[in-house]
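Engineer: Just need the whole structure built from these sequences, with the hints factored in.
Protein chains in written order, with this note's numbering: chain W, 1 to 390; chain Z, 1 to 390.
Treat the hints loosely; a few may be bogus.
No copy labels: a pair is met if it fits in one copy or bridges any two.
Claimed, not checked - Straight-line Cα separation of at most 20 Å, EDC-like style, residue types lysine to aspartate or glutamate; simulated pairs:
| no. | residue 1 | residue 2 |
| --- | --- | --- |
| 1 | K3 | E136 |
| 2 | K110 | E341 |
| 3 | K75 | E322 |
| 4 | K20 | E229 |
| 5 | K231 | E244 |
| 6 | K195 | E79 |
| 7 | K323 | E79 |
| 8 | K231 | D114 |
| 9 | K41 | E136 |
| 10 | K86 | D114 |
| 11 | K18 | D302 |
| 12 | K45 | E322 |
| 13 | K259 | D380 |
| 14 | K75 | E345 |
| 15 | K110 | E342 |
No lab work stands behind these hints, which were simulated from the structure alone.
Protein chains: 2
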Amino acid sequence: MIKIKGVKFAGIYCGVKKNKKKDLALAFFEKPALASGVFTKNRVKAPSVILTRQRINNPIKALIVVSGNACVCVKGDYEDAKIVTKYLANFLNVQDKNVVHSATGVIGVKLPVDRVINSIPQLIKALKDEYEDFAEAITTTDAYKKVENLSVSINGGRINILGIAKGAGMIAPDLATMLVYIFTDAKIEKKALDKALKEAVESSFNSMSVDGDTSTNDMVLLFSTGMAENKIITLREGLDKFIEALKKICIMLAKKIVKDGEGATKLIEIVIKNAKNIGDAKKIARTIANSPLVKTAFFGCDPNWGRIMAAIGRAGVSIIKEKIDINIQRMPVVRGGVEAEEFDETALKKELSNNEIMVEIDLHSGKATTTFYTSDLTLDYVKLNSSYRT
Amino acid sequence: MIKIKGVKFAGIYCGVKKNKKKDLALAFFEKPALASGVFTKNRVKAPSVILTRQRINNPIKALIVVSGNACVCVKGDYEDAKIVTKYLANFLNVQDKNVVHSATGVIGVKLPVDRVINSIPQLIKALKDEYEDFAEAITTTDAYKKVENLSVSINGGRINILGIAKGAGMIAPDLATMLVYIFTDAKIEKKALDKALKEAVESSFNSMSVDGDTSTNDMVLLFSTGMAENKIITLREGLDKFIEALKKICIMLAKKIVKDGEGATKLIEIVIKNAKNIGDAKKIARTIANSPLVKTAFFGCDPNWGRIMAAIGRAGVSIIKEKIDINIQRMPVVRGGVEAEEFDETALKKELSNNEIMVEIDLHSGKATTTFYTSDLTLDYVKLNSSYRT
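Structural biologist: Below you can see the structure in the form of structure tokens.
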């Protein structure tokens with residue numbers, strides 16, 4: 001098990017979830033951590049997002065996560081969120097402004113705030129080096145915990161990165177009911193930390209989609225304890241290597257989240273090549289990734305490439321149909337906008353039973369390339385989501 | 001049965017559909033009809049769309065529709081579409097440019113063009129006043145035929161309007177695999193005809209969505225035989241009344257199409273009130289209408305209004321959360337951005353078992369209002385679409 005010097009974790013059951021699973025998580029920093037955050041673009045924002053955004057540039061002593069209740073769109077939700085962080089700060093003998101907070105779960109249901117604050121002493125007592133309880137306590141409809149880590153040498157010292165994520169449904173570009181916490185012991189400047197997070201998120205969590213819905217509560221937070229032995233990472237020194245490592249962690253977590261998309265049976269990787277610009281490439285990738293017709297076809301192992309062509313056409317991007325090539329599982333499917341002569345429907349159908357599918361689309365219109373991750377749309381997605389609340 | 005003077009219909013089986021259902025339809029105008037059209041905005045356009053768009057401002061003698069094959073994204077598709085209209089024109093002894101054409105069905109499969117052209121004599125022989133065969137022959141995955149009609153007095157004469165539509169899956173704003181043909185005997189100027197169609201489509205077919213996908217083949221065509229006894233409708237005289245009647249027909253057809261959305265069990269009417277402008281209102285309505293989470297909740301009769309709030313928030317429109325009111329089935333659900341005090345979950349859950357649901361959202365931010373139609377997302381939608389092609 002990897003260890004990030006200077007941070008301890010806890011996860012307990014406090015009474016928010018009806019099914020009695022762990023629903024309260026804490027990360028505690030022995031010395032104030034440097035932090036950076038990226039937040040949902042949804043205009044209906046949860047109090048946890050508003051609070052954490054205000055505080056993320058302060059030195060951070062603790063992160064508290066409630067799962068099972070999003071604490072948003074309820075009278076007094078902002079006060080409830082504040083009280084939770086206030087109580088925690090009091091017990092830890094730190095200031096409110098050094099505590100950040102996330103919440104995930106049903107929207108519009110009153111948080112049983114007494115149960116949360118009454119459990120805080122027990123939560124603090126449960127702190128330990130091991131992060132498994134924390135990873136479990138932040139989940140909701142997740143089928144499994146999502147943890148990734150790696151070690152790398154930068155600026156003359158070995159640094160560790162630990163990423164813990166939560167998310168299954170409602171995942172879309174620009175974040176979703178997705179919570180991601182990344183911890184590192186790297187010594188790093190604040191500006192470099194911010195830049196690294198922004199870049200890593202763009203090519204991972206902002207390049208994936210389960211169902212196009214984005215949540216009111218999402219955030220990706222990166223904390224650095226600075227306790228590794230590296231020479232400090234700055235915008236000029238060691239940052240590329242740090243970003244590369246951070247991207248790796250983020251892409252691994254993003255794939256895990258998509259694979260755990262509610263009801264998903266397949267991870268679909270959409271690679272757009274040679275678009276005019278990166279904006280066009282992303283628009284096309286996203287339109288394909290969010291097309292229910294494309295997603296149900298993949299669920300049914302149906303090599304219905306016409307649906308992909310139709311999605312490309314309606315992405316709102318200027319394209320030349322006659323230039324489009326499509327490969328699926330490295331097999332030629334479309335050449336010059338029409339069915340490839342080598343297209344082998346039977347062989348492709350067989351290939352589509354894999355649980356990882358690669359779709360490559362070459363637009364032959366420029367030099368921009370992007371990769372996007374999505375899942376299929378399945379019977380279980382509908383079953384799960386037609387009965388989530390009640 | 002309503003009769004539009006000057007137009008005859010036919011619908012036969014010619015060998016395109018594997019299930020041997022009717023797949024070739026014809027409308028024939030005794031005297032050249034005045035016509036107007038609205039076409040898909042998908043940048044991958046079928047030859048039938050390209051051809052018909054070129055010809056729609058000519059006097060029209062005939063419309064031929066192939067169902068079961070979209071005739072697009074196949075080598076030679078444009079030539080195939082042209083041959084079909086050419087053969088029909090020859091047999092009818094008219095010019096190519098006076099014949100329009102639609103196709104609907106699978107993308108990327110070669111049209112058995114010989115079967116189509118060999119059946120043209122039989123198709124012409126089948127022409128009659130009755131439109132039922134035509135209405136049947138244009139369907140694909142439709143569960144039922146879609147026909148609406150009405151009569152109204154304008155400028156001193158009674159005029160008739162007959163609308164025949166096709167569409168079930170892949171329906172979205174800005175058209176989809178949706179074909180709509182409207183026939184009227186009204187005497188009307190071309191400019192007035194164009195304006196009427198544009199306005200009627202905006203508040204009907206461009207205000208609905210089944211799954212957000214738009215097709216390569218869609219069109220709405222309006223034909224006028226001019227054989228009614230009214231004084232000619234112009235931009236200045238009688239047009240408002242004509243638009244009103246046309247809108248009625250179009251909204252009735254749009255509702256039928258949405259109700260027949262693949263696998264749909266419910267028609268959901270989303271009314272956005274008091275938005276800043278109509279663009280904002282439509283963006284919000286569309287985001288709600290295309291949210292898989294909202295749509296699965298309605299399928300499950302789950303009063304999960306938090307998903308509606310989240311959709312409003314991510315529509316990309318500036319809103320004030322604290323001003324939002326939501327009613328569902330005329331029952332108060334949200335007031336000022338939080339759960340309404342009168343919210344009665346049990347009563348609402350019961351109401352949601354209806355097959356027509358009304359969602360009203362008041363933004364209290366302006367004066368613009370719009371109505372949008374969508375369906376729920378069901379297990380049958382996934383079943384149907386994961387096995388359509390193969």
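Engineer: For each hint, tell me whether it holds in the structure or not.
Structural biologist: These are the hints, each one checked on the structure:
no. : hint        : result
1   : K3 / E136   : within (17 Å within a copy, 68 Å between copies)
2   : K110 / E341 : between (59 Å within a copy, 13 Å between copies)
3   : K75 / E322  : between (55 Å within a copy, 10 Å between copies)
4   : K20 / E229  : neither (42 Å within a copy, 75 Å between copies)
5   : K231 / E244 : within (18 Å within a copy, 74 Å between copies)
6   : K195 / E79  : neither (32 Å within a copy, 54 Å between copies)
7   : K323 / E79  : between (56 Å within a copy, 19 Å between copies)
8   : K231 / D114 : neither (45 Å within a copy, 75 Å between copies)
9   : K41 / E136  : neither (26 Å within a copy, 46 Å between copies)
10  : K86 / D114  : within (13 Å within a copy, 77 Å between copies)
11  : K18 / D302  : between (39 Å within a copy, 18 Å between copies)
12  : K45 / E322  : between (43 Å within a copy, 11 Å between copies)
13  : K259 / D380 : within (13 Å within a copy, 23 Å between copies)
14  : K75 / E345  : between (56 Å within a copy, 17 Å between copies)
15  : K110 / E342 : between (59 Å within a copy, 15 Å between copies)
Of the hints listed earlier, those the structure fails to meet are numbers 4, 6, 8, 9, in rising order.
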